[in-house]
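Construct all of the structure, not just a fragment, from the sequences and the given hints.
What follows is each chain in one-letter form.
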Amino acid sequence: MRGRFRHAEHVLRVAALFFFGFVAFLVLRSVLIPKDFGLYGFYRAGALDDVKAQPIKYAGRAACEECHAGTYDPPDDDAKAVALAKEDPVKDNKHITLNCEACHGPLFVHADDPEKPVAKVGADKLCLRCHLELKGRPATQPQVVPGDHGDNDPCLSCHKPHRPKTDES
Amino acid sequence: MNQERRDFLRLSGKYIALTGAAAIAWDYVLAAEPQKAPNYTATDHWWGMIIDIDKCIGCGNCVRACKAENDVPLEDGAFRTWVERYRVRTDELDHPMVDSPNGGYDGFTEIDQPGDDVKVFFVPKLCNHCVDSPCTQVCPVGATFHSPDGVVLIDKSRCLGCRYCVQACPYGCRYIDPRTHTADKCTLCYHRITKGLTTACCEACPTGARQLVDLKNPKDPVHAFLRTHKIQVLKPQMATGAKVYYNGLDGSVR
Amino acid sequence: MSGVAGFIYPNEIELQWSILIVLYPFLTGLVAGAFILASLERVFNVAAVRPTYRLALLTALAFLIVAPLPLQMHLGHPERSYEMYLTPHRQSAMAMFGFVYLWYLMAVLVLEIWFDYRKDLVLTWRASHGLKRQFYGALTLWSDDISPAALRIDDKIGRFITIIGIPSAFLLHGYVGFIFGSIKANPWWSTPLMPVVFLFSAMVSGIAAVMLLYIFFCRIRRVPIDMPCVDTIARYLLYAFIIDFSLEMLDLIHRLYEADESLRALDFMVKTRLFVSQILLQILIGTLVPILSLGFVQIVRLSDRVRRTIYVCAGVLTLIGIFAMRWNVVIGGQLFSKSFLGYTTYKVGFATREGLLPAIVIMLLPFAILAVLLKLFPPWESTGHGGPDTGRQKAYSADAIS
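Chains as they are written, first to last, in our numbering: chain D, 4 to 172; chain S, 80 to 333; chain P, 163 to 564.
The reader is advised that the hints may include incorrect statements.
The calculated DSSO-like cross-link candidates involving lysine-lysine, where the alpha carbons are at most 27 Å apart (straight line), are [as the list claims (entries may be wrong)]: (1) S/Lys314 with S/Lys198; (2) S/Lys295 with D/Lys138; (3) S/Lys314 with D/Lys38; (4) S/Lys146 with D/Lys119; (5) S/Lys235 with P/Lys537; (6) D/Lys60 with D/Lys128; (7) S/Lys314 with D/Lys138; (8) D/Lys60 with S/Lys146; (9) D/Lys97 with S/Lys295; (10) P/Lys346 with S/Lys314; (11) D/Lys138 with D/Lys119; (12) D/Lys60 with D/Lys138; (13) S/Lys134 with D/Lys128; (14) D/Lys60 with S/Lys134; (15) S/Lys134 with S/Lys235; (16) S/Lys198 with D/Lys138.
It is worth saying that the hints were derived from the structure and are not from the lab.
As structure tokens, this is what we get:
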């Protein structure tokens with residue numbers, strides 16, 4: 004080596020080491036970065052599909068109605084219910100806007116394969132979740148204090164959940 | 080009811096109740112291949128939510144439905160959505176008393192006396208899917224991001240679990256999933272809304288206090304709603320561009 | 163919920179960043195501070211502190227090697243941490259970590275140590291046999307040119323690296339301050355002063371650490387302590403401390419004066435949950451006592467022995483105080499709810515992944531590494547840069563060439 008660089012050989016060795024390290028880094032990067040990274044933004048595009056692939060648990064009201072459209076239309080052999088339905092048309096039934104699964108739990112599996120069983124609904128605790136009198140609940144929400152309403156009888160002794168308005172009210 | 084009528088009702092119910100696109104998607108859903116459902120172009124949508132405080136009864140259905148739909152751990156500290164109860168004394172507007180027992184999972188029990196001079200209301204909260212979200216800004220590796228349709232999502236296969244995003248969220252909507260050791264939060268039920276369904280929490284809400292909205296859809300009732308109601312977002316001073324719009328939100332809400 | 167007062171968001175029940183995240187800025191702070199002390203001599207020609215030059219560099223290296231360990235033990239997926247090198251999100255301060263760390267480790271510290279030690283490495287290489295010979299040979303990259311011209315080049319390059327190293331050290335620790343300071347969601351952290359406060363407290367802790375280590379090793383080697391050296395270091399410690407304290411007080415006074423919504427939550431927290439760590443440990447014992455005692459030394463003539471005692475006490479208290487400062491920022495910032503309506507507590511586990519035991523091990527590890535480094539690269543009887551105050555000419559004088 005000539006001139007000024009005669010005594011700088013060690014510097015060149017270090018520089019070469021760093022340079023090759025940098026090159027190795029670049030090579031590794033191109034290998035390891037997922038191919039679909041950055042397609043739509045600073046993320047791996049496949050992540051969108053990963054999220055979309057999550058299994059569905061709640062079928063939604065429309066799915067239930069495919070088979071159970073008659074829920075709010077009583078079966079012919081329930082005379083009392085049929086009589087009630089005549090006076091108390093479906094349009095006044097406040098529960099009709101509820102999603103079935105709000106009380107019956109997630110039922111996608113059942114909607115997919117009706118052979119699969121449906122869990123029983125535990126009535127009283129469930130009713131009080133929405134209907135317990137609480138400060139903060141709007142007045143439009145029917146609310147009761149359990150002791151004052153019906154002597155602590157089970158809710159179902161007077162109310163049918165699919166047609167909760169009783170003939171006494 | 081005989082079989083023919085049942086079939087007729089089923090078919091007509093399907094095509095009346097569902098739009099054409101959702102009907103096609105529904106076939107895939109029923110065929111247990113929901114991920115292949117076509118007819119969803121992300122850039123046609125811009126998702127948000129409306130929460131009507133005047134309608135919320137604090138039943139906790141949304142919290143339960145979310146935990147069930149998204150397989151969220153039932154333990155404390157892992158809530159994709161939760162309900163807070165605010166109790167504001169009219170002579171102490173700066174000091175609201177707030178509680179959220181188990182995030183509202185089991186509903187609430189009464190803690191006020193009948194005559195108490197206190198204003199009470201329920202505030203459901205979730206990820207606000209902010210347009211300028213601080214959480215996506217701070218992620219070091221691009222593991223959390225905005226989808227093209229405005230939903231903030233997490234790539235669980237890239238998340239390091241550094242927890243920076245949890246620190247950066249002003250709303251406390253993120254947590255670390257103890258099973259995957261990655262960040263987790265509300266996905267706006269992305270797996271449902273991309274197939275024409277609504278979110279689990281909106282589906283479960285008995286009073287319609289929570290409504291999924293698509294701001295890019297000109298027919299969505301959100302536009303009329305935003306015009307005719309007094310709307311707020313949480314922590315507007317943070318300028319996060321939150322897309323969860325609250326109707327009837329009191330000034331004491333934090 | 164035990165330990166919770168008032169209301170916290172349901173997801174806030176668990177603190178996100180633990181004692182390990184307190185350790186990380188403490189360790190990198192020591193690195194930056196030690197390096198700044200070394201640069202005092204190399205760049206600013208403060209010849210008095212030369213006896214600590216090499217010790218400071220090796221101390222910085224030992225702590226830098228350990229610095230990623232608390233982070234790795236904290237991550238949910240440490241095996242994915244390489245992703246920061248592949249897809250660093252340029253908007254995230256934390257994404258800088260991988261590159262800033264690598265830059266500082268390789269391009270600054272390792273190179274500077276290499277260029278400064280090269281002559282001694284070559285001499286050791288020539289004088290040893292077997293495995294040791296191969297080891298030192300590899301370290302020198304098998305180049306054994308230690309002529310005066312080569313050493314002159316080494317000196318020039320070393321000086322250049324130190325000059326670059328100063329802003330690099332600022333970056334290494336300043337970005338940690340920015341990680342906290344840029345979080346608008348957290349008012350305890352969110353302030354533009356945060357990177358600057360972190361930086362100056364880093365310098366204070368690094369200078370104090372090297373001073374203590376120097377006194378300690380002089381004692382062990384039964385070598386007289388170079389008092390002008392230690393006096394100078396203590397003076398720079400005082401200067402850095404005054405700036406650091408002023409900045410922290412400025413932040414506090416500003417908050418108290420503006421009294422915005424977050425102050426009520428923070429004020430209460432400082433008066434209750436953070437009282438011991440903030441008021442007592444950080445401000446009183448960890449800052450005021452060292453500042454006053456170091457200032458006292460500047461004003462009143464004292465004997466060597468008394469000065470040494472004051473320096474050792476001040477140094478230890480300083481390190482405790484700076485650790486407390488990191489604790490108060492990291493843990494303190496998570497004790498109050500973002501709703502400003504409540505507080506939670508932090509319970510450190512002991513033998514858990516982010517517990518007290520790993521924290522203690524991580525704190526002790528750099529000293530173990532330093533002991534190894536001191537053996538491999540003795541900083542004391544060198545013919546190069548860091549020896550006793552003999553002037554830079556000695557580095558390549560005729561009798562030093564073999």
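### Message
Tell me if the straight-line CA distance from lysine 346 of chain P to lysine 314 of chain S falls inside 27 Å.
### Response
Holds, because 11 Å separates the two Cα atoms, which is no more than 27 Å.
### Message
Tell me if the straight-line CA distance from lysine 146 of chain S to lysine 119 of chain D falls inside 27 Å.
### Response
Status holds; Cα separation ~21 Å.
### Message
Please verify whether lysine 235 of chain S and lysine 537 of chain P have alpha carbons no more than 27 Å apart.
### Response
violated (45 Å)
### Query
If you draw a straight line from the CA of lysine 295 of chain S to the CA of lysine 138 of chain D, is it 27 Å or shorter?
With Cα atoms ~37 Å apart, lysine 295 of chain S and lysine 138 of chain D exceed 27 Å; violated.
### Message
For a C-alpha distance cap of 27 Å, please report whether lysine 97 of chain D and lysine 295 of chain S respect it.
### Response
Violated, at about 32 Å.
### Query
Holds or violated: lysine 60 of chain D with lysine 128 of chain D, Cα cutoff 27 Å?
holds (23 Å)
### Task
Measure nothing beyond the straight line between the CA atoms of lysine 60 of chain D and lysine 138 of chain D; if it is 27 Å or shorter, mark the hint as holding.
Outside the cut-off at roughly 33 Å; violated.
### Message
Given the hinted pair lysine 138 of chain D and lysine 119 of chain D, is their Cα-Cα distance within 27 Å?
### Response
violated (40 Å)
### Query
Does lysine 128 of chain D lie within 27 Å of lysine 134 of chain S when you go C-alpha to C-alpha?
Status holds; Cα separation ~21 Å.
#### Entry: Agreement of lysine 314 of chain S and lysine 138 of chain D with the hint, judged by alpha carbon distance not exceeding 27 Å
This hinted pair holds, its Cα atoms lying about 26 Å apart.
### Query
Quick one, are lysine 314 of chain S and lysine 198 of chain S close enough, alpha carbons at most 27 Å?
holds (21 Å)
### Task
Would you check the hint for lysine 60 of chain D and lysine 146 of chain S, treating anything up to 27 Å between C-alpha atoms as holding?
holds (10 Å)
When each numbered hint is compared with the structure, violations occur for hints 2, 3, 5, 9, 11, 12 and 15.
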